[in-house]
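So you can see what is in the structure, the chains are spelled out below.
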Amino acid sequence: MAHRHLTDEEIQNILDKNYLPENSVLKEHLKGCKICQNKVQEYQTLYSELKKDPGFKLPRNFKRLVISRLTTGEINPPLFSPKEIVLIAIGTFLAMGVTLYLVDLKSIAEIINRITLPRTEIKNMLLSPIRNFIYSLNLKLTLLAFAGLTLSVTAVIDQLILKLKHQKLSL
Amino acid sequence: MLHKKYFATSFPFTCRILIEEMKKSITDTRLLIKKIQGGDKKAFQSLIEEYQQLVSHIVFRMVYNKADREDLCQEIFIKVYQNLRGFRFESKISTWIAKIAYNSCINYLQKKKIPLFADRVGGDKTIEDFSGNYILPDSLTEEKDIASRLQTEIAKMDPPSRTILTLYHLEEMSYIEISQIMGIPQGTVKSYLFRARKKLREKLMSKYQKEEIWHTDI
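As you go down the protein sequences, you meet chains A and B in turn. By our numbering, the letter at position 99 of the first sequence is numbered 99, and the numbering carries on one by one without gaps. Offset between the second sequence (1-based) and our numbering: plus 1000.
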């Protein structure tokens, strides 16, 4: 017989797996130790009691109550409302506008000008209008407007991030 | 010898039947979910019927305010319905529903400012002080037998331990499933479970006469 008693963890492991290895030291000890046998019996009783239903029952009309709370079209509401989609579009547009304003527009036009395409006609047809449009842009935004735009974009992004986080947490 | 022969012939047959049953069950669940995703409310009723016990067990263990329990169960199923389109069959539907139920209970407890873990209880208060306002249904207060005594002791534990005990023993879920539901590592689930059972045994042993509980009521 082994010199030490079985630990709580060892007993729980045995009962969880419902298996005791053949000819193991544990088995030998269990055969001759009353203390461990009692402990195992106590755990067995605990296990069988834990399997019993605590008795909390939902009312019979529970299904109907849930169904009555569901309204048509409630399934999987859209991620963003139309108002938010408009805000996203405005935010994106403004962000692009600010980016274009901050970078040197003429240099972009020059880059486009330098693009080499195999056929001049294609180049004229596709790139020239873009280049001419950029040359023609004459943005004179004030610093205040720029700050306002930045704030608007940040607010829109914040709202969206918060909404996504909230949805994930509440699931 | 006869046993062995019988086992050798019947075991593969039994396995095949079990596998077939499992396949059928998976296909049935998939069909049911597809129907609900298509807006079939009758199919959703079947889903409620199948999983209301699972949800009620989790809510029962997490929330002790009788008045709020049923409402919470309803809200959980409404959330299930609203989000079912996002279910990608990456886990079992029972795990997914249990996760929604568990998170809803956590949100409820946070709203009510009830601490989740015993070590996060401030001041001189214990977890029992918080659950004391809600716990102990009438049937449990009498403490007539081991079952009701056990329920009383479980009620004094922190909500995650109570949930793990229920999911493991009552719902017969694995460590992996429980860890997915509660969003904690498998090792943590195991240590919570072992600690909870050890504590339950010790509590019951120290509080009551050994013979009275363990040997007369069996």
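Don't read these hints as lab results, they were simulated from the structure. Just so it is clear, CB atoms sit at the ideal spot from N, CA and C, and this is done for glycine as well. Treat the hints with care, since some could be wrong.
To be verified - Simulated restraints on C-beta separations:
hint: 1; chain 1: A; residue 1: K17; chain 2: B; residue 2: L1031; range: 29 to 37 Å
hint: 2; chain 1: A; residue 1: E28; chain 2: B; residue 2: L1031; range: 51 to 59 Å
hint: 3; chain 1: B; residue 1: T1029; chain 2: A; residue 2: I111; range: 36 to 44 Å
hint: 4; chain 1: A; residue 1: N38; chain 2: B; residue 2: L1109; range: 35 to 43 Å
hint: 5; chain 1: A; residue 1: F56; chain 2: B; residue 2: T1029; range: 20 to 28 Å
hint: 6; chain 1: A; residue 1: N61; chain 2: B; residue 2: N1107; range: 40 to 48 Å
hint: 7; chain 1: A; residue 1: K27; chain 2: B; residue 2: K1199; range: 25 to 33 Å
Said to hold, decoys possible - Derived DSSO-like pairs: lysine-lysine, alpha-carbon spacing no greater than 27 Å straight-line:
hint: 8; chain 1: A; residue 1: K163; chain 2: B; residue 2: K1112
hint: 9; chain 1: A; residue 1: K63; chain 2: B; residue 2: K1034
hint: 10; chain 1: B; residue 1: K1042; chain 2: B; residue 2: K1092
Unchecked claim - Residues of chain A placed beyond 10 Å of chain B at every Cβ, according to the derived structure:
hint: 11; residue: H29
hint: 12; residue: K51
hint: 13; residue: S152
Outcome of the hint check:
A hinted range of 29 to 37 Å for the beta carbons of A:K17 and B:L1031 is consistent with their spacing of about 35 Å. For A:E28 and B:L1031, the Cβ-Cβ distance of about 53 Å falls inside the hinted range of 51 to 59 Å, so the restraint holds. About 57 Å separates the C-beta atoms of B:T1029 and A:I111, a value inconsistent with the hinted range of 36 to 44 Å. Judged by the Cβ atoms, the range 35 to 43 Å given for A:N38 and B:L1109 holds: they are separated by roughly 38 Å.
A hinted range of 20 to 28 Å holds for the C-beta pair A:F56 and B:T1029, which are about 25 Å apart. Roughly 26 Å separates the CB atoms of A:N61 and B:N1107, a value that falls outside the hinted 40 to 48 Å. In this structure, A:K27 and B:K1199 meet the distance hint of 25 to 33 Å, their C-beta atoms being roughly 27 Å apart. Distance restraint check for A:K163 and B:K1112: the Cα-Cα separation of roughly 22 Å lies within the 27 Å cut-off, and the hinted pair is therefore satisfied.
A hinted pair counts as satisfied when its Cα atoms are at most 27 Å apart, and A:K63 with B:K1034 qualifies at roughly 19 Å. Annotation: proposed proximity of B:K1042 to B:K1092 holds, straight-line Cα distance about 21 Å (limit 27 Å). For A:H29, the condition that its CB be more than 10 Å from all CB atoms of chain B holds, with the nearest at approximately 19 Å. The non-interface label for A:K51 is inconsistent with chain B: the shortest C-beta to C-beta separation is roughly 5 Å, within 10 Å.
The beta carbon of A:S152 is kept farther than 10 Å from every beta carbon of chain B, the shortest such distance being approximately 30 Å.
Comparing the model with each numbered hint stated earlier shows that hints 3, 6, 12 do not hold.
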